[in-house]
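Note that the numbering used here numbers the sequence shown so that position 254 is 701, with each residue one more than the last.
Honestly, the hints are just simulated from the structure, not real lab data. Cβ coordinates follow ideal geometry from the N, Cα and C atoms, glycine included. You may find that some hints are simply not true.
[Stated by the list, open to error] Derived pair list, reagent style DSSO-like, types lysine-lysine, alpha-carbon separation capped at 30 angstroms:
#1 K469 to K552
#2 K780 to K795
#3 K795 to K504
[What the hints assert, rightly or not] Restraint-style ranges between C-beta atoms, simulated for each label pair:
#4 D612 to R649: 13 to 23 angstroms
#5 R649 to D762: 39 to 49 angstroms
#6 A740 to G588: 45 to 55 angstroms
#7 R481 to E814: 34 to 44 angstroms
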Amino acid sequence: MTICVVALGKIGLPLAVQFASKGHRVIGADVDQRVVDLVNAGTEPFPGEFELDVKLKQAVDDGLLTATTDTAAAVSESDAVVIVVPLFVDAEGIPDWGWMDAATKAIAAGLKPGTLVSYETTLPVGTTRDRWLPMLEEGSGLKAGEDFSLAFSPERVLTGRVFADLRRYPKLVGGVDEASAEAAIEFYTSILDFDDRPDLPRPNGVWDLGSSEASELAKLAETTYRDVNIGLANQFARYADTIDIDILKVIEASNSQPYSHIHQPGIAVGGHCIPIYPRIYLWNDPTATVVRAAREANAAMPDYAVDLLAAAYGDLTGVGVLVLGASYRGGVKETAFSGVFDTVKALKDRGATAYVSDPMYTPEEIEHLGLVPHRGEETLAAVIQADHAEYANLVEGDLPGVTVLVDGRRITDSARLGRIRRIVIGG
């Protein structure tokens, strides 16, 4: 079949490559001409996705993957359309529909009878049926469930390991009607492979959740769970700091019992998913006090880490402080909702001069993020914000002048840091 993937970002492009690897013709549609040109040349537009460079080149060389900026034309040639356009929300969780509305209208303009339309972008519950269905019907003159199939099937992968995650996790689908669900099941079964998972309650594969709403809620629920769990771990860690207890030993002991699955505390929760999807859930369910409290607790952690630094070092006014890690997590060159921004703000609020370094970013790239790169200026304190593997081997000589280090990710070895005082969250 011919498949159109709308938006060739860090999820959409690996998906397009995966579909092509199964022998299908794939047309990637993206509004960025630079991305389209790079994909057509067989060159990955962004680094860091395992095996994407090789698999992309193979798909393009085999003539199975092309890219275009003309979404409507790509859809008109396709038997299935998969949408992975970003949905942005503000601090209150209110969605900005601009990009997705534009993409959906373009899809509607090219939609032909018999096509499956599957949204993979994480959405508020009810969006597929209440927003996209009427928009697609109005723009195409076709009727969902009769002339075309419409489903929601959330992406459940992490950047850097998309291909492995596609095999490992069940593919959740929910149609706006039974016929749409059947079309989605048939489609995803044909283009995905699944690892054997004896730990699951039923065989790994495509799981029909019964409705688009259930599938939408499943994605919000699994991510909101993580935010709530981390929020609880952070609350435990902050209390442990007041009574001189190592919270990691407590968590390890608690998790030795099979009904406890406490996550790890830390300086920040970043990325496209965990900080954002609870806000989308709250947009649907504003009475969810547990979700709101956890989000507030996690958002407060960068400021708390700087409080720990000030308590150990003293007055930070005029002090150069090195923030290690711009990325939102180790090993990934991505700053979406990274804790680096709030950490730097908290340092500035205390009068410190904050410098940032990251092994994955050049000083110019850090500057482009609106941060001050470290170019050898004197720093007397430091904060680890991202758990890059390189930081595990830090020694005293790597941080000249630093007397206090707040390790927000517990990645360093205090024995290697010599005279530097190491502070951890919940330690």
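Checklist entry - Which numbered hints are broken by the structure, listed smallest first? => result As far as the earlier hints go, 3, 5 and 7 are violated by this structure, in ascending order.
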